[in-house]
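Q: These protein sequence lines are chains A and B, in that order. According to UniProt numbering, the first sequence is numbered sequentially starting from 1. According to UniProt numbering, the second sequence is numbered sequentially starting from 1.
Note that identical chains are pooled: a pair holds if it fits in a single copy or bridges any two copies.
No farther apart than 25 angstroms at their CA atoms in a straight line, the calculated lysine to any residue pairs in the SDA-like style are these:
| id | residue 1 | residue 2 |
| --- | --- | --- |
| 1 | Lys44 | Arg225 |
| 2 | Lys123 | Ala108 |
| 3 | Lys341 | Gly156 |
| 4 | Lys432 | Gly248 |
| 5 | Lys432 | Asp337 |
| 6 | Lys99 | Gln402 |
| 7 | Lys45 | Ser12 |
| 8 | Lys345 | Glu159 |
| 9 | Lys123 | Asp337 |
| 10 | Lys44 | Met235 |
| 11 | Lys345 | Gln207 |
| 12 | Lys341 | Gly248 |
| 13 | Lys153 | Ala108 |
| 14 | Lys123 | Glu159 |
| 15 | Lys45 | Asn56 |
| 16 | Lys44 | Glu30 |
| 17 | Lys5 | Phe24 |
| 18 | Lys123 | Asp247 |
| 19 | Lys5 | Asn15 |
| 20 | Lys290 | Asn8 |
| 21 | Lys99 | Lys409 |
| 22 | Lys153 | Asp74 |
| 23 | Lys432 | Ile85 |
Honestly, the hints are just simulated from the structure, not real lab data.
2 protein chains.
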Amino acid sequence: MVQIKRLNSTDSSFNQALQQLLAFENAMDESIDTTVAQILSEIKKRGDEALIEFTNRFDHVNVTSMTELELTQDNLQQSLSSLSIAQRQALEHAAERIKTYHEKQVAASWHYQESDNTILGQKVTPLDRVGLYVPGGKASYPSSVLMNAIPAKVAGVQELIMVVPTPNGEKSDLVLAAAAISQVDRVFTVGGAQAVAALAYGTKTIQQVDKIVGPGNAYVAAAKRRVFGIVGIDMVAGPSEILVICDGKTNPDWIAMDLFSQAEHDEMAQSILLSPDAGFLNQVAQSIDKQIDDMPRKNVIRVSLENRGALIQVQDLDEACAIANRISPEHLELSVDNPDKCLEKIRHAGAIFMGRHTCEALGDYCAGPNHVLPTSRTARFSSPLGVYDFQKRSSLIQVSEQGATKLGKIASILANGEGLSAHARSAEYRFKVE
Amino acid sequence: MVQIKRLNSTDSSFNQALQQLLAFENAMDESIDTTVAQILSEIKKRGDEALIEFTNRFDHVNVTSMTELELTQDNLQQSLSSLSIAQRQALEHAAERIKTYHEKQVAASWHYQESDNTILGQKVTPLDRVGLYVPGGKASYPSSVLMNAIPAKVAGVQELIMVVPTPNGEKSDLVLAAAAISQVDRVFTVGGAQAVAALAYGTKTIQQVDKIVGPGNAYVAAAKRRVFGIVGIDMVAGPSEILVICDGKTNPDWIAMDLFSQAEHDEMAQSILLSPDAGFLNQVAQSIDKQIDDMPRKNVIRVSLENRGALIQVQDLDEACAIANRISPEHLELSVDNPDKCLEKIRHAGAIFMGRHTCEALGDYCAGPNHVLPTSRTARFSSPLGVYDFQKRSSLIQVSEQGATKLGKIASILANGEGLSAHARSAEYRFKVE
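With the rest of the complex left out, here is chain A:
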């Protein structure tokens, strides 16, 4: 039997229990951080030479030049050709849907003109060059390549450089095929902090990028934190989470499997179900026990559900929505008759899956929206990865001669109030001579 926590929102200890359930400290390991600092410094100083050394050491390969660490477009096409037709079509179909959805996110430049001909606006431009980190080994996910690369390309990023370590020389055809499909420009088989450093500082072979995105292990996360400011980075993600709100009328096997699909990611993943129907919660608990032994990743699922999962009885769907806002989950599934009514009350969630037929797995792969989502309550202030992460804005200000007098008078008073005389004088010089 899976010992999953059972809570009831009417218990006096509920608030505290919920807080404990959600507690997760993304503590930084100081020894990892020290190692990473050394790696960054070596790459900054010695570039390609250090990159080759670290790659040979950490990935157990034996290369002597950067040429051996770059894959050609031909290599990527070979990986694509090696796939089964079904896999290739699935990847291509997913890519197409992701592209269509993200095209709606493209922001355009805008401006407006005032009556005195002063023009104000914003110019929107893509980033020049982006680095995409892709983990090697077991956590090698082609869907992650699509989700990170396609928004960058839709934004208009000219050069997308992917890094993916190949420990012991092992490559993933699925990952490289995904790179081909999403039109990645260059691929280097390097990883870890050394790959992040190469992208952030640039080497003779790898040009400095403007932003680094993509998931990685603790070394990669520590390296990204350290190079932030020199380049942009995406969020450093915590463990994945799902919160399901169900009115009790969905097949309990479906809901149990939805909880499994989050729990199978890793032992720290979190799956929580809220329902006003106590009988339904029992049915889901039974279904968990019934189905778990069928799952190839049952050991991971069990640890995740027992340590971090919960089935929570709530008073009604309104209260469920209020608790959802407190949890601010990465994934929120509204498995209810009228999901629109719940949606109105939801303020914080990474992605919202509406209706009984919308399981999270569809969004993870191919519905269109991004699967890179804010974790650990950061949906309170951050958004799914999107085209907006690969575009930036410049303010536009073109003040007319008449406007310079009008605005200059205000600026002069405020600048003098702040003791900044050169600001005031610079504005006053532009006053129109009457």
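Place chain B on chain A using the hints.
A: Same frame as chain A, now just chain B:
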């Protein structure tokens, strides 16, 4: 005479000289970081009690309760009433223009429906609660209150909590008046790392916020870096910079004063002028010498111009634009006949000031666009502070019964390819039974 650097883009050493000129390492002071870690930990553990202790110690005050550390809306209105009519009107006029401009940045939710009735979109919501850090003492800028508070309010943030230290109990009426005008909800006279900690963790009196914005000293910056992830933060800014491109036909006194207006901020501020006209560069150099002794902040201006400023002769305006992209300046002034032609070539800049009448000072105070801008080449990947920093997005996915079969087949293939069986099964459960 001000010894400002003179460079020429045709010199063989130019690239290296430019790189040296721009070099700026925002090195973290380890002793500051250690102190900050202790302060954060005390506030996290002991809340208001620790906040009162640190405030008494660092701000040389003597309070015994949080009530003494909160200003009422009446207090803010009193500060507003104490201003001269000219100052009040200038602030109100600036606030109005900033509001009008930022209203154009409000993003709206969107969705689209596919032929099988699947609905995809994004729901856009404001952050619930935002903390605004305002420095006390000499760097106490009312314009900064407007620029940070107004976009948050335009976004729809329900509660805006401002913290501003009052060393020795000294308050700035201009700053508090700006808070009144921008409808700040609560104001606490606390500062430093302890104020950041109170906002990030919450105390009995100060509720936890979702994001902290606003400038501060090295302690505030270190604290913001450390609480990032628990709450959102804005960029940690480097020294302010201006790059002026001039065709040589603007009054050299105007351009010299524009360089001063940046240099007067602090000794690390950077002012650079690019012009194809060698004679004009000489005229500006002469004007600098002629005007500097008139400036109240002449000592700061001199150090800034001599250590970090430069007058650079370029071959033509095209080359000037190419160099501007390399510099990716915070402020870019296009003091030329046809600024639109230059604009087309500019990819990276925080704010672009177009035409001879548009000095930076107008944008700093009242043109409308934000004066919180990306510094130190971060305009390559980041944007001015805006309404978009106070809104976040949730993906919306509502898959129809028919769509669940179509998308489920793709998801199932891809999930199995990644070894995630529960993902596959969860999708397969939703297949339509024919």
